[in-house]
Every structure is written in structure tokens, then in C-alpha cells.
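Engineer: Residues per chain are reported as follows:
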Amino acid sequence: MRELSLHILDLAQNSIEAGAHHVQIDINENEDGYFTFAIADDGRGMTEEMVKKVRDPFVTTRITRKVGMGIPFMDMVTAQCGGYFDIKSKPHEGTTVKAAFKADNIDRPPLGDIAGSIAVLLAGAPQIDLVFTYSDAGGKFTFDTREVREVLGQDTDFAHPEIYRWTEEYLRQQLSALHAGQED
Amino acid sequence: MKTLEDLKALREKLKSDIKVRQNSGTKIIIGMGTCGIAAGAREVMKAVLDELAVRHLNDVQVQQTGCIGMCEKEVLVDVMRPGEPRITYGKVKPADVKKIIAEHVVNGRIVEDLVVGKIEQE
Chain L
180 MRELSLHILD LAQNSIEAGA HHVQIDINEN EDGYFTFAIA DDGRGMTEEM VKKVRDPFVT
240 TRITRKVGMG IPFMDMVTAQ CGGYFDIKSK PHEGTTVKAA FKADNIDRPP LGDIAGSIAV
300 LLAGAPQIDL VFTYSDAGGK FTFDTREVRE VLGQDTDFAH PEIYRWTEEY LRQQLSALHA
360 GQED
Chain D
716 MKTLEDLKAL REKLKSDIKV RQNSGTKIII GMGTCGIAAG AREVMKAVLD ELAVRHLNDV
776 QVQQTGCIGM CEKEVLVDVM RPGEPRITYG KVKPADVKKI IAEHVVNGRI VEDLVVGKIE
836 QE
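Taken in order, these protein sequences are the chains called L and D.
My numbering applies: residue 180 is where the first sequence begins, and numbers increase by one.
My numbering applies: residue 716 is where the second sequence begins, and numbers increase by one.
Since the hints were made in silico from the structure, they are not lab data.
The reader is advised that the hints may include incorrect statements.
Calculated lysine-lysine pairs in the DSBU-like style (CA-CA distance at most 30 Å, straight line) [what the hints assert, rightly or not]:
#1 L:K319 / D:K730
#2 D:K717 / L:K232
#3 L:K269 / L:K281
#4 D:K717 / L:K319
#5 L:K319 / L:K267
#6 D:K788 / D:K808
#7 L:K319 / L:K269
Here the structure is a predicted model, which is why all the values come from computation and not from measurement.
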């Protein structure tokens with residue numbers, strides 16, 4: 180996958196398939212010299228034994244069926260970029276995955292269309308509560324679906340084409356405003 | 716710039732078509748497993764939602780599914796119209812989406828050259 184935002188979309192699908200109601204995605208352009216992103220969910224979680232196995236594509240696909248190639252891919256890309264991929268999980272509590280890349284590593288794939296990934300994630304899983312944060316030198320942007328539901332109603336359908344379009348454009352504009360602030 | 720305040724205007728706009736949305740039964744299902752995403756499912760999903768918004772087809776339901784084992788044929792897009800066979804399109808590119816929606820979703824004519832599967836519904 181050419182963009183980190185595609186990996187984020189892919190990893191977040193694991194949270195959806197694990198039955199998560201709440202998903203938090205945090206991206207930080209520079210956390211102590213690392214570009215990082217983390218995805219935390221309250222899904223069914225994994226045993227310690229499973230956490231050890233999920234980096235191996237051949238063992239994991241057979242046992243879990245729901246994990247597959249996404250984590251091995253991410254594990255490989257972070258290692259190639261002088262970073263790490265961390266998985267914390269507890270059965271019945273949830274899973275947090277975190278990817279880190281040396282901030283100045285030229286092999287790090289570009290983040291790409293993160294606004295598209297978040298809007299598409301919500302369109303595919305409109306039932307979840309999602310918090311998305313993005314931090315750079317200009318500050319921090321936070322998007323929370325609960326704030327959207329407060330205005331549009333608790334039954335807000337993020338798969339509705341008009342709501343999808345609003346979400347995608349809102350995120351794109353807010354993130355470019357954040358980046359513009361960084362340059363001032 | 717868009718703000719959360721704009722949502723109030725959107726809420727008014729959407730009130731009118733909530734009833735319509737419950738009536739139609741057409742569904743579009745996109746494969747969003749790792750294989751689908753690697754093959755371009757995000758761009759296909761965006762193209763589908765954009766085209767539905769442009770055509771005001773707010774009554775068509777868009778859903779995602781995981782890997783169904785035809786990874787080499789991703790991006791897979793299924794179209795289900797009420798009372799008609801479920802059609803699976805394979806190797807769908809964003810550029811194919813307009814045609815699938817205009818021909819099949821709106822007019823009920825299957826886009827034969829992209830079909831990789833057909834399932835009769837009950």
C-alpha cells in the first residue's frame with residue numbers, strides 16, 4: 180500500500196470486525212522524533228498468545244481469519260523505516276496498535292488521503308463512535324462523531340452520501356488549516 | 716471553511732429525504748478487506764458515494780464487507796436490486812463507477828463486461 184492512510188483504514192477494519200463501538204485514531208507528525216499513528220478500540224481484544232502470533236501472516240490468517248495480512252504489512256514497513264509496531268490487547272477490553280516511523284526517514288510512505296480514509300471508514304461502519312486527532316507543530320485537530328451526532332441526531336447515518344461528503348470535506352479543510360498554521 | 720455549525724443546514728436538508736431512504740431496497744456492497752483496500756477500494760467507495768450524492772440517490776444503501784476469498788478480483792462491488800439477482804462486479808476502477816450506477820443501479824441494465832458473479836436471490 181502506497182499511503183499510510185490506507186494502512187490506517189485497513190487496521191481500523193480489524194477494530195470494526197472485532198465488534199468495536201468506540202474507535203480512536205491519533206496521528207502525530209512528530210512525537211519525540213517519530214511520526215506515529217495509533218488505533219485504539221474497545222473490541223473483543225486478543226489473548227497474549229494471539230498478540231504474539233498476529234505478526235506472522237501464515238499462522239494468523241488460519242487461526243483468526245479476521246487479522247490476516249494487514250498487521251504483517253505494517254510491521255514490515257515500520258521496521259524498514261527505523262520505527263516499530265506495537266500491539267497491546269486484552270480479551271474483552273480491546274486492542275491498541277501503534278506504528279512509529281523515524282520522522283526524518285525518507286522511506287516512510289506518505290500519509291496520503293487521510294480525510295478520505297476517515298470518511299470511508301465511517302461510511303462503511305456508520306454505527307461506531309470515532310475520535311480522530313491530528314497533531315503537528317501547528318497544534319492539534321480533533322474530530323469526534325459524538326459532536327456530529329449531537330447536531331444531526333443520534334441516528335446520524337455516516338453512509339448517507341451527503342453526510343459522507345460533508346465529513347470528507349470538513350476533515351480536508353480542517354487539516355489543511357492546521358498545516359497552514361504550522362507554516363506561519 | 717466548513718464547520719460543525721454547517722451541520723444544522725445539512726440536517727434541515729436531509730429531513731425531507733429520510734422517508735425516501737427507507738423505501739428503496741437497492742444496495743451497493745464494496746469489499747474492504749486488506750486485499751480490497753490494497754487494490755483501490757477506498758477510491759471506489761469514494762466514487763460510489765460521490766456519484767450517489769451528485770445524482771441525489773440518497774435511497775441507495777452503501778455497505779462494506781471483508782475479504783470473501785476472491786482477492787485477485789478486487790475491487791469487488793456487489794449491486795443488489797430488490798427482486799433481482801445479486802451481481803458481483805470485479806476489478807472495478809473508480810472510472811467504472813459512473814457506468815455501474817447509471818446503467819445498473821438506476822436503469823437495471825447489468826454491465827456485463829465487468830461481471831464476475833451472479834447469485835439468484837430468494
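Engineer: Next, verify each hint and record whether it holds.
Structural biologist: Evaluated hints:
no. : hint            : in the structure
1   : L:K319 / D:K730 : 33 Å, violated
2   : D:K717 / L:K232 : 44 Å, violated
3   : L:K269 / L:K281 : 28 Å, holds
4   : D:K717 / L:K319 : 17 Å, holds
5   : L:K319 / L:K267 : 25 Å, holds
6   : D:K788 / D:K808 : 11 Å, holds
7   : L:K319 / L:K269 : 29 Å, holds
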